[in-house]
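Model the placement of chain H on the given structure of chain Y, informed by the hints.
There are 2 protein chains.
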Amino acid sequence: MTADAGGGQGGAYGQLEEIFRRHALICEAVGVLGWDTSVIMPPGGAVARAEQMATLRVMAHELVVDPRVGDLMTEAATEAVQLDRWQSANLREMRRAWLHATAVPADLVAARSHAAAAAEAAWRGARAESDFAALQPFLEEVLVLTREAGAAKAEALHRPAYDALMDEYEPDADGVRVVSILEDYAAFLPEFLDEVLAHQARQPDPVPPSGPFPIPAQRLLCRHMAETVGIDFDTARLDESLHPFSGGVPEDSRITTRYHDDGFVDSLMGVLHESGHAMYERGLPPAWRHQPVGDARGMTLHESQSLLVEMQVCRSREFFEWAAPVIAQTFAAEGPAWTPGNLHRLATRVEPSLIRVAADEVTYPAHVILRTRLERAMIAGDLPVADLPGAWGDGMVDLLGIRPPDDRQGCLQDIHWPDGDFGYFPTYSLGAMAAAQLAAAARAADPQIMPAIAKGDFGPLMAWLRPNVHNKASLLSTDELLVEATGKPLGADAFKAHLRRRYLAA
Amino acid sequence: MTADAGGGQGGAYGQLEEIFRRHALICEAVGVLGWDTSVIMPPGGAVARAEQMATLRVMAHELVVDPRVGDLMTEAATEAVQLDRWQSANLREMRRAWLHATAVPADLVAARSHAAAAAEAAWRGARAESDFAALQPFLEEVLVLTREAGAAKAEALHRPAYDALMDEYEPDADGVRVVSILEDYAAFLPEFLDEVLAHQARQPDPVPPSGPFPIPAQRLLCRHMAETVGIDFDTARLDESLHPFSGGVPEDSRITTRYHDDGFVDSLMGVLHESGHAMYERGLPPAWRHQPVGDARGMTLHESQSLLVEMQVCRSREFFEWAAPVIAQTFAAEGPAWTPGNLHRLATRVEPSLIRVAADEVTYPAHVILRTRLERAMIAGDLPVADLPGAWGDGMVDLLGIRPPDDRQGCLQDIHWPDGDFGYFPTYSLGAMAAAQLAAAARAADPQIMPAIAKGDFGPLMAWLRPNVHNKASLLSTDELLVEATGKPLGADAFKAHLRRRYLAA
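Line by line, the protein sequences give chains Y and H.
Going by the numbering used here, 119 is the number at position 119 of the first sequence; the sequence numbering is gapless.
To convert, take the position in the second sequence, counting from 1, and add 1000; that gives the numbering used here.
Looking at chain Y on its own, in the form it has when it is part of the complex (with noise of 0.2 Å):
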């Protein structure tokens, strides 16, 4: 399909596929490089990694900014007559790839590069002492240059500094709807919230299961339930890394979480969502591999396939019928902790707490506020990185009412800062709200849905995914593609009703 496209691999549109090819073969080269670090890697081979992510990086990024590919974008623009409709919207995410790329001169994307391997190295030594002046010059050095191709991208994409450095993750992100989305939950939270506590209140407390829980145990289990979700490992791996993530690519997926042996349920959960993530990367058609157009269509989506994995099919009644005496059975454990009903109470425990990774999908979005209110703060020059800690404590106070004792369970939890990603934490929420959207659309289209999970077979929702989500790569905007799929643009609706029908009716 691609080779004879636009005119034959001669005319315009194919060099660009070829460009872009090549774009796409090195990243994900830089993939494998990043995975192994945060992996595999010994420590003694942080700078010369660095060095070698950053070089590809520049090699990658001088790819799409030569001269010739804006000449070959103006000219396959003259032949689009001829473009189909895949072929059109990989050209319209060509030239997206094209402007961010172009916005940001060689040597400050290596200087990003470079400063974010070492802000990222000092921040898991800053983390584990939870000392924030350890990282403090390092977060400012990439802050700097953060700000400095904000402003290049802003000037680029006629759009405002924030929104051009979301664009990145979130295509055509706009920032007065993100945060009017995101305040309008932090608006609603507080009553709901106290609503939540109360019914939950007066319920049974879960009874907690008691451990140790082998790692061991724990490593079979989560393979075993990445599997029912449909991870195949003949084109996956599952390992361990300090700050779980899923990479690799469609045919080759990488999945990490991390294991404690007093507790289960988060690894287990991070499993389930890590394999929502790599499904989608699976589904992505073929025809289109190493293609812009052929790739996930943004954070927002993206995060939306984990957490319908995760939070909407996971963490429901249906899902504990069928997985309690599975999980039972791998701690060779029984009793009235371990019955469907109480892992479920258990997986559900509504909680305000300091660590976003470990936050339940109530609290969850009030995490995503904080730090959304501080990255746009810091990003418009209104928040110095001196100021950080206080900024995080006083923000948690009047989110959620809890101030962090240190900075380890604060403002140094997350690596996303460190590794120079601005704008990328709203997608967490967004992308909850999009799930819960598009469940809700799937139930309705396929009633068998559930009542298949709590079989352990997520054959039929995985069955209406890949035609409405997978499949679609970026052919779409986010909003088009859940359109086509839920009736409507994205929007906070289904998510309350999925809050108030899972936390307030039962």
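To be clear, the hints were calculated from the coordinates, so they are not data collected in a lab.
Just to be clear, a hint being listed does not mean it is correct.
Stated by the list, open to error - Reference excerpt, derived from the structure (chain H facing chain Y, CB under 10 Å, subset only):
| id | residue |
| --- | --- |
| 1 | R1022 |
| 2 | I1040 |
| 3 | T1235 |
| 4 | H1290 |
Glycine residues also receive a C-beta, built at the ideal position from the N, C-alpha and C atoms.
Frame of chain Y, contents of chain H only:
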């Protein structure tokens, strides 16, 4: 040091350093992808990985063949008065890389990379099934492309095709001299082998330690032994792969081995061998990191460092004085099988056999001589791939008097040819000869080296190797380095003397 070399970064030499630095970093990234492929990657990832690696290799290739590089070399040569000894050698090595790269067109480089990836995958299956027919078409494709590359290099380097191919692994290798050294050993071997076997028959048979030898215990033992050689696991990893190798970068060595619970000697000696390779890389001069002159000199010297550690040192009686109790303790064993003398007899047992990597050091060169004869014939066009199994069997009978019962134990045992590595095999035995020569010079220079080994102390050995071999990187030719370190160019005398002393004198 390198930044201001050759009249500053703006000078021709300085610009070449920048280009070759980028080249080196891409090659390092390819190395990480290769390690991942062999150790970690799920099978589904093979096609995408081959595309990633081919793309990076093509990009590295394009850097060096850029017409600008030829011009800069000419310019840099006129600046040559300003270059110091290391810089001049660096320019010489840049020219070698440039000659190799410009000799072969980019599409042939990509085709070889693709064909090798496909053949390697086919080889894994064919070897497991002992099914040469499953490999044959893939190997034929690799050979066709390698002969094309050889012809192109022959023209560029004004040397015979086989020599030109060898030059990539062993710079300045002279095929006539290589063959004369190897065939000299082929002539020496029959009578010497008879003497060794007769002498061995007069000694008490070694007592085989009784297994099983649990793999977790072997892992710990191998790790401890690698540390004893000098490996620091803050800058190294030890993993498992079908075909053991040593990769990575000086600050992040990646050693692999394979374990079987019915024996521990092969795995242990394999790890010691790869540790010798890794110590060489670790000892390269950091000031010349990422420059051609900072690389290891060639595969002869590389193999000399692994064989010096494994064969010269770790199969010595002295080493087992220290190692035998450590090994016995690992397996909680005692008795006559675990004495230094018995373990030493086991580790120096001579017995003609079919598998190169399991061969003793007396018969190992026969395996190399066979492969050298066959690959020279294949490159010359005198041996079709279809005739390889037969020629292999006849060659084994000629050299060692044994015929493999199947191709798994014959021409399917090595990864090199499927990988496109023709001209590599001779360096194993040239390396064994260089190892003997260097070890003799080291022992003469510091009589404390072997007594220290008998205490598990590799410090004095490494203290001699570092300035005499490791730190020299590619400053000198292999022969120049050997003359400086041992007083003589490469030859077989020291190796024969070593074999006579070890196998006839005891």
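Status of each hint after checking the structure:
At a threshold of 10 Å, the smallest CB-CB gap from R1022 (chain H) to chain Y is about 6 Å, leaving the interface hint in force. For the restraint placing I1040 (chain H) at the interface with chain Y, the shortest Cβ-Cβ distance is roughly 7 Å, inside the 10 Å limit, so the hint holds. Below 10 Å, beta-carbon pairs count as interface contacts, and T1235 (chain H) has one with chain Y at about 3 Å; its hint therefore holds. Because the closest C-beta pair between H1290 (chain H) and chain Y is about 8 Å apart, less than 10 Å, the hint holds.
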